[in-house]
Structures are given as structure tokens and as C-alpha cells.
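> Counting from 1, position 86 in the sequence shown corresponds to residue 86 in this note's numbering; the numbering is continuous, with no gaps.
Be a bit skeptical, because a hint or two may be false.
Unchecked claim - Here are the in silico distance ranges between beta carbons for each label pair: (1) Arg104 - Val179: 15 to 23 Å; (2) Lys229 - Lys112: 41 to 49 Å; (3) Glu222 - Thr176: 48 to 56 Å; (4) Gln38 - Lys83: 20 to 28 Å; (5) Thr102 - Gln33: 15 to 23 Å; (6) Ser186 - Ala225: 13 to 21 Å; (7) Lys118 - Thr176: 24 to 32 Å; (8) Ile203 - Thr176: 49 to 57 Å; (9) Lys76 - Glu188: 23 to 31 Å.
What the hints assert, rightly or not - Lysine to any residue pairs mimicking SDA-like chemistry, simulated, CA-CA at most 20 Å apart: (10) Lys229 - Gln198; (11) Lys118 - Arg80; (12) Lys83 - His42; (13) Lys76 - Glu114; (14) Lys118 - Gly163; (15) Lys76 - Gly163; (16) Lys46 - Lys118.
No lab work stands behind these hints, which were simulated from the structure alone. Glycine is no exception: its CB is placed at the ideal position from the N, C-alpha and C atoms.
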Amino acid sequence: MKRVVACACCVLVVILTGCKRGPVLKQDDEQIQIVEVQVTTHKRFKGTVNMAEAVRYQTQNAAYRFSQEGSEKILKVLLRILKISDAGTAFMWSGSSSIRVTARLVDKKTGKIEKKYKARARVFRLAGVVGAVWVIAEGVSHVRDEKRLARLLSNRLMTRIYGQEYGARVKDRVPTREVKPIYPMSWEDAGKKFQCEQIEAEIKEPPQEVNASEYQPFTPQELPAYCSKYLKSGS
1 MKRVVACACC
11 VLVVILTGCK
21 RGPVLKQDDE
31 QIQIVEVQVT
41 THKRFKGTVN
51 MAEAVRYQTQ
61 NAAYRFSQEG
71 SEKILKVLLR
81 ILKISDAGTA
91 FMWSGSSSIR
101 VTARLVDKKT
111 GKIEKKYKAR
121 ARVFRLAGVV
131 GAVWVIAEGV
141 SHVRDEKRLA
151 RLLSNRLMTR
161 IYGQEYGARV
171 KDRVPTREVK
181 PIYPMSWEDA
191 GKKFQCEQIE
201 AEIKEPPQEV
211 NASEYQPFTP
221 QELPAYCSKY
231 LKSGS
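Whenever a hint applies, use it, and build me the whole structure from the sequences.
The structure is reproduced here in C-alpha cells:
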């Protein structure tokens, strides 16, 4: 019986050790560098029109900080799920905002997919009354948390690829290259456009009432006059 337990422990150690992911600094004894970041969004992803570009430029600059030598790779990122907190969701569920993505590391020369990753970034806040008060006091907005998540995600992706130990060594490195964001519109306009789209969606398809006897009938907001600038239906 003791031998069985001992063997089981050995197997567990082997499995856990095998799950540890080391840095992908070298492949076939060749150092790598990410020279291009491509970002797309899932059809169900709900964010501003600026979010993909925010992730692209933050991730590319993080990649330059991690490595600017070696065989050239392309990182293709798919934004899948975005959850931004507000006072209501903080009170009922969670005050945290988060983003989930998948990514593929592709060799630029051959086009071959070499690695696949999943990554998540989170702005943590408490839930309940404390969380709701925190959200209000902090002045949390969709735009503000998108910017924070893009920055956090860029570092999370790099540590997934290169490893945490290497990331700690280069955290203060100043890269010789840097990209600037090319946003479709200003963040102010992006925030207003997103808000208008959310209101329009609720008008067209009101959320289902859980229990009519306990909840007041849903009354959608009216579209602000400025929404005509951002919505196709208002143009």
C-alpha cells in the first residue's frame, strides 16, 4: 500500500512538473523577437472601436521591451470576452473588469503557427456595497478600464510567451523601437459611440425580465441627441 501511495505521489510530481511552462526565448537554439502584432475581435466581443488598437500598440511595445533580436515572429491576438464593471454589476456580482484573449505565435518567414496561448487580464475590485462605492468613488468608466486592461494584457501576453523570470529581468529595459497608436477615433468619441450602441441595443431588444412580480418593467433610456453622430440608424 505504501508503494502504491509513493508511486502515485511520483506520478503527481511528474505531471505537475510537466505542466510548468518555461520561457519560449529560443526555438531550435535561436532567439525570437515579435516584430508584428495583429489584433482582431470575436463577433461577440463588446468593446469600443479603439480597444483592438490599444491592445496592438501596447503589446507591440511590450514585445520590443522583451526582445529585439532573433528570428522574427508575428503574434496574432483574438479579443474574445470583455467585462467592464459599473456600480450595478459591482453591487450584484463583481467590481472587477477583465478581458480574455487567445493568441498564436507565427513564424514570419514560413507562416507556421508555433505556439498557441490563452491569456487574461483583470482590474480587481471588491463586490457588494463596498465594490459599488469603490467603482463610484474611483470614477470607473468603460474607456478608463479598457486602457488599463490593454496595458495589463500586453504584459501578461509577454510573460506567457517569454516566462515570468525573463520578464522580471527586462521590466525596466528601454527598447530602441516604439510604435504609436493609430486609433479610429478619439477615446472620448469612442466612449460615446459605445454608450449609444448599448442604449440602441436595449431599445431594440430589452433584457428579459426575471420575475415581473418582483421587478419593475424595463424602461430603456432615450438616445441622447449626440448619438445621431455615431449610429447608422441616426445618420
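> All hints, please: hold or fail.
Consistency of the hints with the structure:
no.	hint	verdict
1	Arg104 - Val179: 15 to 23 Å	20 Å, holds
2	Lys229 - Lys112: 41 to 49 Å	45 Å, holds
3	Glu222 - Thr176: 48 to 56 Å	52 Å, holds
4	Gln38 - Lys83: 20 to 28 Å	23 Å, holds
5	Thr102 - Gln33: 15 to 23 Å	21 Å, holds
6	Ser186 - Ala225: 13 to 21 Å	19 Å, holds
7	Lys118 - Thr176: 24 to 32 Å	31 Å, holds
8	Ile203 - Thr176: 49 to 57 Å	51 Å, holds
9	Lys76 - Glu188: 23 to 31 Å	30 Å, holds
10	Lys229 - Gln198	15 Å, holds
11	Lys118 - Arg80	10 Å, holds
12	Lys83 - His42	14 Å, holds
13	Lys76 - Glu114	11 Å, holds
14	Lys118 - Gly163	14 Å, holds
15	Lys76 - Gly163	18 Å, holds
16	Lys46 - Lys118	19 Å, holds
Hint compliance for this structure: no hint is broken.
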